[in-house]
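Enquirer: Starting from the given sequences, assemble the full structure and let the hints guide the process.
Here are the chains, one letter per residue:
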Amino acid sequence: MRKEVVLAHNASWLFRVAPYLIFAGTWVAAALVPTFATGLMFSWSADLIAIIALLGTARFFLALAGMDIGTSFGGIGASREVMIATLAEPALLMIVFSLALLAGSTQLSTIAGYMLSSNVGLRVTLALSLFSLIMVAIAENARIPVDNPATHLELTMVHEAMVLEYSARHLAVIELASFLKLLLYVSLIACVFAPWGLAPVGAGAAAHLLGIATYAGKLAVAGVLLALFETAIAKMRVFRAPAFLGAAFMMGILGVLLLFVSRGGLR
Amino acid sequence: MSDLSFDIAHLLAGGLVLISLLMLYQDRLTALINVFAAQAVTLSLSVAWQAYVQQAPHLYVTAVIALAFKALAIPVALHRIIKRLGIHREIDQVVGVGPTMLAGIGLVALALVVMLGVTSEADRLAREDLAFALSVVLLGLLMMITRRNAVGLVVGFMSLENGLVLAAAGAKGMPLVVEISVAFSVLVAFIVIGVFLFRIRERFETVDVAALDRFRGGQG
Amino acid sequence: MTPLQILLAGAGALLGLAPAVVALGRSPGARALTYGGALTLCGLTGAVALLSLLGLASPTGDAVLPLGLPWVGARFHLDALSAAFLVVVNLGGAVASFYALGYGRHETEPQRVQPFYLAFLAGMNLVVLAADAFSFLIAWEVMSLASWALVVARHREAGNVRAGYVYLLMASFGALSLLLAFGLLAGPQGAYAFDAMRAHRAAGAVAALVLALAILGAGSKAGLVPLHVWLPLAHPAAPSHVSALMSGVMTKVAVYAFIRIVFDLAGPPDWWWSLPVLVLGGATTVMGVLQALMQQDLKRVLAFSTVENVGVVFIGLGLALAFRAAQLPAAAALSMTAALFHVFNHAAFKSLLFFGAGAVQEATGERDIERLGGLIQRMPQTALAFLGGSLAISALPPLNGFVSEWLTFQAILMSPRLEAWALKLLVPAVGALMALSAALAAACFVRVFGIVFLGRPRSAAAGGARETDLFCRTALLALAGICLVVGVLPGFVIDALAPAAEAAVGGRLPAQVSQPWLSIVPIAESRSSYNGILVLAFIAGSAGMCAAAIHQFASRQTRRGPAWDCGAPDPSPATQYTAASFAQPIRRVFATTLLAAREDVDMPQPGELRASRFQATIGDPIWRTLYAPIAWSVDLAAERLNRLQFLTIRLYLSLVFFALIGLLLVLALWT
Numbered sequence: 000m001r002k003e004v005v006l007a008h009n010a011s012w013l014f015r016v017a018p019y020l021i022f023a024g025t026w027v028a029a030a031l032v033p034t035f036a037t038g039l040m041f042s043w044s045a046d047l048i049a050i051i052a053l054l055g056t057a058r059f060f061l062a063l064a065g066m067d068i069g070t071s072f073g074g075i076g077a078s079r080e081v082m083i084a085t086l087a088e089p090a091l092l093m094i095v096f097s098l099a100l101l102a103g104s105t106q107l108s109t110i111a112g113y114m115l116s117s118n119v120g121l122r123v124t125l126a127l128s129l130f131s132l133i134m135v136a137i138a139e140n141a142r143i144p145v146d147n148p149a150t151h152l153e154l155t156m157v158h159e160a161m162v163l164e165y166s167a168r169h170l171a172v173i174e175l176a177s178f179l180k181l182l183l184y185v186s187l188i189a190c191v192f193a194p195w196g197l198a199p200v201g202a203g204a205a206a207h208l209l210g211i212a213t214y215a216g217k218l219a220v221a222g223v224l225l226a227l228f229e230t231a232i233a234k235m236r237v238f239r240a241p242a243f244l245g246a247a248f249m250m251g252i253l254g255v256l257l258l259f260v261s262r263g264g265l266r
Numbered sequence: 000m001s002d003l004s005f006d007i008a009h010l011l012a013g014g015l016v017l018i019s020l021l022m023l024y025q026d027r028l029t030a031l032i033n034v035f036a037a038q039a040v041t042l043s044l045s046v047a048w049q050a051y052v053q054q055a056p057h058l059y060v061t062a063v064i065a066l067a068f069k070a071l072a073i074p075v076a077l078h079r080i081i082k083r084l085g086i087h088r089e090i091d092q093v094v095g096v097g098p099t100m101l102a103g104i105g106l107v108a109l110a111l112v113v114m115l116g117v118t119s120e121a122d123r124l125a126r127e128d129l130a131f132a133l134s135v136v137l138l139g140l141l142m143m144i145t146r147r148n149a150v151g152l153v154v155g156f157m158s159l160e161n162g163l164v165l166a167a168a169g170a171k172g173m174p175l176v177v178e179i180s181v182a183f184s185v186l187v188a189f190i191v192i193g194v195f196l197f198r199i200r201e202r203f204e205t206v207d208v209a210a211l212d213r214f215r216g217g218q219g
Numbered sequence: 000m001t002p003l004q005i006l007l008a009g010a011g012a013l014l015g016l017a018p019a020v021v022a023l024g025r026s027p028g029a030r031a032l033t034y035g036g037a038l039t040l041c042g043l044t045g046a047v048a049l050l051s052l053l054g055l056a057s058p059t060g061d062a063v064l065p066l067g068l069p070w071v072g073a074r075f076h077l078d079a080l081s082a083a084f085l086v087v088v089n090l091g092g093a094v095a096s097f098y099a100l101g102y103g104r105h106e107t108e109p110q111r112v113q114p115f116y117l118a119f120l121a122g123m124n125l126v127v128l129a130a131d132a133f134s135f136l137i138a139w140e141v142m143s144l145a146s147w148a149l150v151v152a153r154h155r156e157a158g159n160v161r162a163g164y165v166y167l168l169m170a171s172f173g174a175l176s177l178l179l180a181f182g183l184l185a186g187p188q189g190a191y192a193f194d195a196m197r198a199h200r201a202a203g204a205v206a207a208l209v210l211a212l213a214i215l216g217a218g219s220k221a222g223l224v225p226l227h228v229w230l231p232l233a234h235p236a237a238p239s240h241v242s243a244l245m246s247g248v249m250t251k252v253a254v255y256a257f258i259r260i261v262f263d264l265a266g267p268p269d270w271w272w273s274l275p276v277l278v279l280g281g282a283t284t285v286m287g288v289l290q291a292l293m294q295q296d297l298k299r300v301l302a303f304s305t306v307e308n309v310g311v312v313f314i315g316l317g318l319a320l321a322f323r324a325a326q327l328p329a330a331a332a333l334s335m336t337a338a339l340f341h342v343f344n345h346a347a348f349k350s351l352l353f354f355g356a357g358a359v360q361e362a363t364g365e366r367d368i369e370r371l372g373g374l375i376q377r378m379p380q381t382a383l384a385f386l387g388g389s390l391a392i393s394a395l396p397p398l399n400g401f402v403s404e405w406l407t408f409q410a411i412l413m414s415p416r417l418e419a420w421a422l423k424l425l426v427p428a429v430g431a432l433m434a435l436s437a438a439l440a441a442a443c444f445v446r447v448f449g450i451v452f453l454g455r456p457r458s459a460a461a462g463g464a465r466e467t468d469l470f471c472r473t474a475l476l477a478l479a480g481i482c483l484v485v486g487v488l489p490g491f492v493i494d495a496l497a498p499a500a501e502a503a504v505g506g507r508l509p510a511q512v513s514q515p516w517l518s519i520v521p522i523a524e525s526r527s528s529y530n531g532i533l534v535l536a537f538i539a540g541s542a543g544m545c546a547a548a549i550h551q552f553a554s555r556q557t558r559r560g561p562a563w564d565c566g567a568p569d570p571s572p573a574t575q576y577t578a579a580s581f582a583q584p585i586r587r588v589f590a591t592t593l594l595a596a597r598e599d600v601d602m603p604q605p606g607e608l609r610a611s612r613f614q615a616t617i618g619d620p621i622w623r624t625l626y627a628p629i630a631w632s633v634d635l636a637a638e639r640l641n642r643l644q645f646l647t648i649r650l651y652l653s654l655v656f657f658a659l660i661g662l663l664l665v666l667a668l669w670t
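Chains as they are written, first to last, in numbering that gives the first Met the number 0: chain A, 0 to 266; chain B, 0 to 219; chain C, 0 to 670.
The hints are simulated quantities; they were obtained by calculation from the structure and are not laboratory data.
Predicted, not measured: the structure shown is a model, and the values here were computed from it.
Where is the CB? At the ideal position from N, CA and C, for every residue including glycine.
No false leads were mixed into what you were given.
With beta-carbon atoms standing in for the labels, derived distance ranges:
| id | chain 1 | residue 1 | chain 2 | residue 2 | range |
| --- | --- | --- | --- | --- | --- |
| 1 | C | Leu168 | B | Ile192 | 54 to 64 Å |
| 2 | C | Gln380 | B | Ala30 | 50 to 60 Å |
| 3 | C | Leu608 | B | Gly105 | 45 to 55 Å |
Derived contacts from chain B toward chain C, CB cut-off under 8 Å, selection only:
| id | residue |
| --- | --- |
| 4 | Pro98 |
| 5 | Ala108 |
| 6 | Leu111 |
| 7 | Val112 |
| 8 | Leu115 |
| 9 | Gly116 |
Expert: Printed below as a string of structure tokens:
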């Protein structure tokens with residue numbers, strides 16, 4: 000708690016401000032994802048596209064912070080981070096597309112409400128989107144097999160390389176933001192693909208309690224699955240990541256295509 | 000037809016297209032054959048579902064044929080072939096994965112545009128089935144032109160034929176005789192190609208079809 | 000005076016100032032007169048245009064001047080569409096003039112810049128006001144030629160003359176296409192006034208041809224791929240305030256020409272009209288930003304990024320065409336508003352970025368980003384403004400670039416309502432391209448800002464840089480302020496653009512300002528909404544609270560020390576990540592096929608004393624496959640025609656004679 004910050008001699012004001020901006024961007028994005036109830040007070044102030052873009056803002060500052068000191072590690076991390084982001088973003092947009100076409104909305108509350116309703120049915124598109132979203136989430140959160148959050152080996156690190164120069168409270172805030180981001184993706188997957196238990200608008204306290212309980216359960220399941228997955232698989236080369244995310248993008252776009260021939264798409 | 004039965008038909012046919020794309024993604028022969036077997040299983044499920052929905056018992060026969068030959072017999076035989084040829088670890092692709100996948104997605108979109116545009120009058124299940132079937136056929140063709148190895152070619156051809164079966168099942172009323180003869184012709188083709196493979200191998204010590212071009216004379 | 004008269008008088012005064020400036024020559028008074036005059040006049044005309052766009056002054060007007068073709072006259076017309084573009088033109092002009100009050104001091108040959116600068120501004124104003132083909136084309140040529148003169152103003156620098164040559168060729172080609180388009184629209188009666196063109200609509204093949212010519216003519220000026228080749232050569236060659244105008248404003252005048260011809264004059268569109276526009280727009284965004292990522296020259300990066308943004312605008316226009324053809328006025332209005340909004344935004348942040356590049360160039364004498372670095376320490380205010388522009392152009396909330404791209408995405412999400420299957424499936428693909436380009440743009444500007452302003456100085460010039468002068472800083476910070484305010488309160492801009500969108504596509508979005516909490520809700524709240532002000536407040540609030548809490552409850556001590564760098568820091572600035580190495584992963588992933596990028600490694604054998612070399616090259620396949628053959632065949636034809644210069648006089652005469660006979664024969668057979 001009381002550790003002092005060690006700053007490099009040539010660190011600029013951006014380096015000191017960036018952790019808080021990264022945290023704030025991620026925090027606001029995470030706050031906009033429905034976790035245990037839909038239709039909360041400010042849930043309309045940004046939709047799914049804006050949430051993705053807010054994460055983009057956070058990433059922008061993170062990459063800049065990595066380049067501020069002018070070390071080669073920061074540069075390599077920033078460069079790989081933006082490469083992964085450029086691959087993940089189209090895939091993510093295709094998922095948004097499928098969901099928005101299905102639910103007729105990009106508001107997460109509305110999408111979750113639609114997913115709870117009975118006219119979803121069995122759809123290939125949803126399965127494809129789910130897989131695609133999981134792959135994107137793995138890449139975006141710097142998890143194995145795309146990046147390893149626990150390594151300090153030059154060849155393998157992306158996220159850690161960018162924050163190498165940070166210490167004490169700054170580092171703590173950045174790490175907090177990266178955990179928040181993981182939480183955000185898990186909540187996103189849970190709210191779209193497993194919306195059971197979400198308290199609807201105007202529900203009573205019991206429904207909210209139930210929502211909180213199921214949400215905690217979903218988080219636990221996701222954590223166990225992630226841990227299992229990470230112990231079972233090895234990290235891939237950096238230049239395998241395009242193929243990995245390319246597959247995610249392909250599934251996303253196939254989902255959109257198949258949506259047009261599914262029920263309701265045919266006219 | 001109820002929404003649920005349409006959804007299941009859609010799920011299975013869409014799965015078929017997805018597996019075709021997955022076949023394009025595989026660069027190892029063993030994995031490719033396994034995925035092909037999975038496609039055949041999906042196909043037989045899809046045909047069986049059509050049989051149930053359309054109440055056409057002869058389609059069950061088709062489903063069983065697909066399951067027996069394509070999901071079991073041919074993959075097993077192919078596995079044995081590549082083992083005997085000693086190429087089960089080889090990586091095989093002429094064009095890179097990325098461009099191939101993009102081309103594949105483009106072909107699916109093209110198939111959808113063409114089929115949905117042409118068949119605006121037909122029943123929605125038939126429309127969807129035909130669109131998916133054309134996609135599978137085109138993807139099979141794409142696979143045949145992007146593979147260098149003759150085994151890859153064979154698998155591409157088989158998956159193309161899977162698309163034809165899907166179309167036939169969706170089109171209501173293809174006689175059983177035609178179906179059986181198609182199945183047998185595919186089997187014969189498979190045997191011929193298998194023999195052919197071993198002959199190529201004896202001659203040229205490889206099953207890389209690029210080697211054949213070199214022996215067309217004059218280009219040496 | 001009516002607003003139109005004031006606007007015409009303003010443009011005329013700009014033209015009239017030019018000879019006066021020529022007379023003053025190199026004196027400092029000429030600079031003050033040029034930029035002070037341009038600032039006043041642009042400010043005045045921009046304000047009048049804004050008032051008439053908001054409906055506070057009379058929104059329409061006609062004027063006929065006794066110039067030009069005798070039976071047409073020079074017609075001018077003001078409507079909401081032209082008012083919207085006038086605001087963009089004059090806002091850019093005013094800020095650039097203000098910036099140039101300080102920046103122009105560094106000009107070595109001001110007499111080569113100042114008169115043309117005025118003519119350039121006047122030309123752009125008149126293009127937007129013109130209401131007949133003749134005055135439109137004259138104004139267009141004034142704009143083109145004046146900007147050409149500005150491109151070659153620094154003709155002693157290597158490459159600028161070639162840039163000017165390529166630009167002149169492409170500009171002539173574009174003007175020729177527009178001339179033919181107007182000729183087709185005018186029809187056999189020669190009805191060159193826009194009113195007359197509207198009265199008899201072109202149809203069928205003629206309309207299709209008009210569309211193709213409009214894409215060629217306006218697209219070549221706007222920088223649509225594959226007609227963009229001149230743009231990254233010409234825009235950086237001009238002085239920075241002119242680069243800002245060319246990139247931020249002149250490309251928008253080209254967009255105006257496209258909207259005027261295709262949406263207004265060519266009649267109701269067919270559904271397939273949108274296909275080429277969407278495909279070209281999508282290709283333009285990705286190619287533009289990929290090229291931008293690979294460049295080393297700061298201003299070339301910005302020029303290529305202009306190409307990308309033009310692509311985004313054209314995607315919006317293509318969607319508007321598609322929705323309009325499908326009789327969906329609300330969706331068409333959404334797409335058109337998105338396109339116009341992006342036009343405005345791009346004018347703001349691209350001017351800002353070019354001004355920043357100009358400031359960097361003046362401070363260090365360098366445009367090569369590999370020789371810059373660490374400027375945030377020495378030019379903090381410029382760095383802050385440039386950071387704002389980078390965030391805005393990367394389409395990140397809560398700045399303005401995000402809002403227009405968000406609107407475009409919302410329009411893309413309306414595509415299932417279209418009838419045509421080809422469009423239904425194409426539009427999501429275009430959306431994927433746009434998402435890719437937005438992510439690449441973010442990568443591009445992380446690279447630019449990170450290399451230029453962050454890190455350690457890579458050259459002595461960058462180490463000794465000084466903050467730029469007051470005029471430049473004010474202009475930079477003002478534009479950054481505009482980017483922020485527009486991003487936070489987009490509803491006002493959308494409402495202001497509503498009449499312009501209505502003029503183009505015949506539908507309008509619901510009023511946004513009356514929405515609770517100043518959100519923007521293009522279709523319905525259950526569908527999508529965005530609230531910039533709340534997002535900004537939440538970000539500022541949570542960042543502030545987090546910082547305050549940590550400073551309150553944990554330590555706030557800092558200690559300065561050497562950089563850690565995994566325990567092995569190297570003091571040489573050459574060990575930093577360079578711009579080229581930053582772009583390497585993306586170059587390998589995307590550019591290998593799209594830009595024919597190659598990497599050559601020359602690794603000496605062990606024991607050899609040679610230094611190893613690594614060389615990365617990128618090419619432009621478009622240049623190689625499209626332009627090189629054209630240039631080759633033109634050369635060949637010129638070679639052949641060259642022989643005609645050595646004929647006898649009798650042969651010359653007979654050539655002329657046979658040509659005459661041929662023409663007469665055509666005439667005889669035709670009628």
